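Peer 1: Once you have looked at the hints, place chain B on chain A.
There are 2 protein chains.
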Amino acid sequence: MLVGYLGPKGSFSHHVAQKAFPQDDLVPYQNITEVMKAYEAGQVDYSVVPVENSIEGSVHETLDYLFHQSEIQAVAEVIQPIKQQLLAVELGRPIEKVFSHPQAIAQGKKYIRRHFPHAQFEMTASTANAARLVAEHPDRQYAAIAPHSAADEYGLQVVARDIQEMEENYTRFWILGHHLPQLSLPQQGEKQTLALTLPDNLPGALYKALSTFAWRGIDLTKIESRPLKTALGEYFFIIDIDNGQKNLADFAFQELTSLGITYKIFGSYNVFQIPEK
Amino acid sequence: MLVGYLGPKGSFSHHVAQKAFPQDDLVPYQNITEVMKAYEAGQVDYSVVPVENSIEGSVHETLDYLFHQSEIQAVAEVIQPIKQQLLAVELGRPIEKVFSHPQAIAQGKKYIRRHFPHAQFEMTASTANAARLVAEHPDRQYAAIAPHSAADEYGLQVVARDIQEMEENYTRFWILGHHLPQLSLPQQGEKQTLALTLPDNLPGALYKALSTFAWRGIDLTKIESRPLKTALGEYFFIIDIDNGQKNLADFAFQELTSLGITYKIFGSYNVFQIPEK
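Protein chains in written order, with UniProt numbering: chain A, 1 to 277; chain B, 1 to 277.
Fair warning: there could be bad hints in the mix.
Identical copies look the same in the list; a pair holds intra-copy or inter-copy alike.
[Said to hold, decoys possible] With a straight-line Cα cutoff of 25 Å, these simulated BS3-like cross-link-like pairs (lysine-lysine) come out:
no. : residue 1 : residue 2
1   : 37        : 109
2   : 246       : 208
3   : 222       : 208
4   : 97        : 109
5   : 97        : 110
Derived from the structure by calculation, the hints contain no laboratory data.
Quick caveat: nothing in here was measured; it's all calculated off a predicted structure.
Chain A extracted, bound-state conformation:
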């Protein structure tokens, strides 16, 4: 079986794909949209994409594509703890330049400033790209802030472990596909994600939409507005609901329809957690 992910090798997406599909062939793509298009074109059986980070928020590229351009379904969610490592070709050498993704630099800056005050920072497109760049220049005094799996992938040494500033850092990934995959990861619960589009002519439309869930006691675990890209102040709403009360949710959907509120289901899925090391 083939599984697409956001490359290059050694990225957090790669790690999630490895944990979820340890027996299968993993195929890297250059950006999130290409990972999803690969699934639509039938090039892969599943696609693994990031959806939300606990510090940065939603991954708009993923959610906007699913809303505007696609009918793909999320069939599982995998939560990956984000721990950043300082990686270099050799231990004990001075570090002149530190490469990483802007968010990982933000998380690791405090540590680097304290221990390598003369190091300069340079942005890369991803943490795995930074690790690859460091490995390709073994003669330079370079280091990367990147996941542990990137050290294994590019033969780098861990200079310092878990250097991120915030302890609580997690990313949600979705597995997109047709069939529920059998994952050998600890399961946490069951959720459903949908996008609501509200009619212009319904006063208090968002409040009414939320009411259909609230009075039935259905928990919303997330709500977020995203621009419809039509005019300033026009949004669609992404909501996550607890899937424990599936029958009640079906009634809520009927009520939404009768109010003139349209909804698009992004998926009903089990939530899995990759254990912290």
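Peer 2: Relative to chain A, chain B alone:
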């Protein structure tokens, strides 16, 4: 009077600052956080920062800083139509490379592909940076996708006008300060923006928070969740309310407090619109 904005010169922020404060001295800063810090440090009397774009959504750097790290107030909002121009040193020359911000490239790609199929794209940190780069290399076959004001600022020619793919593209800017500024721009209305933090132990807390506004007939023009940066699934909520019913809003705030919902007011402000050319 001194006014800080997101530089360099020729950016949309610069244009907004010029329209709002035509008589004053404008000071560019390198990023949004620095624009806000300049105001806090007393280096400028007002700061102009982007808040939301109708296609891309909220500017998280602005809203997260105002929520987590600052007590600055928005005292006016200015809506700027976003129109992108193709700029070069000379008209009628071939174009080999087109520079711009990723979002402006996304908006202009269709036009460039059709008219300059051999041109390559290269990302810059901002549209104004792209224009400056083109002006600095007059011997190269370079072009920039940038606002009209960047053409004036860097002495570039407009090769093609309004090349953006989507017609409806606006950005909201906030003027941060202590006093309401007198702007000679057309006024559109009056709004208030606040951030709600919900207590853990209140079931249906978001629904209850929205109820305090809904049953009083107070219109919410926007709602958005942003991560609290503590754990996955914990959010604060940014809401915009119509400021027409100010007394009613004060009662709603009292009710929020009695429910254990905390709120932080980002500002009560008039909304101004820069006319389309």
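Peer 1: Is it within, between, both or neither when you check residue 246 against residue 208 at 25 Å Cα-Cα?
Peer 2: both (20 Å within a copy, 23 Å between copies)
Peer 1: If the cut is 25 Å between Cα atoms, do residue 37 and residue 109 qualify within a copy, between copies, both or neither?
Peer 2: between (35 Å within a copy, 19 Å between copies)
Peer 1: Is the C-alpha distance from residue 222 to residue 208 at most 25 Å within one copy, between copies, in both cases, or in neither?
Peer 2: For residue 222 and residue 208, the Cα distance is within 25 Å both inside one copy (17 Å) and across copies (15 Å).
Peer 1: From the Cα coordinates, with 25 Å as the cut-off, is the pair residue 97 and residue 110 best called within, between, both, or neither?
Peer 2: The answer is within: 15 Å in one copy meets 25 Å, while 37 Å across copies does not.
Peer 1: Indicate which option fits the pair residue 97, residue 109 if close means a Cα-Cα distance not exceeding 25 Å: within, between, both or neither.
Peer 2: Classified as within: same-chain Cα gap 12 Å, cross-chain 34 Å, threshold 25 Å.
Going down the numbered hints, you'll see the structure goes against none, and every one checks out.
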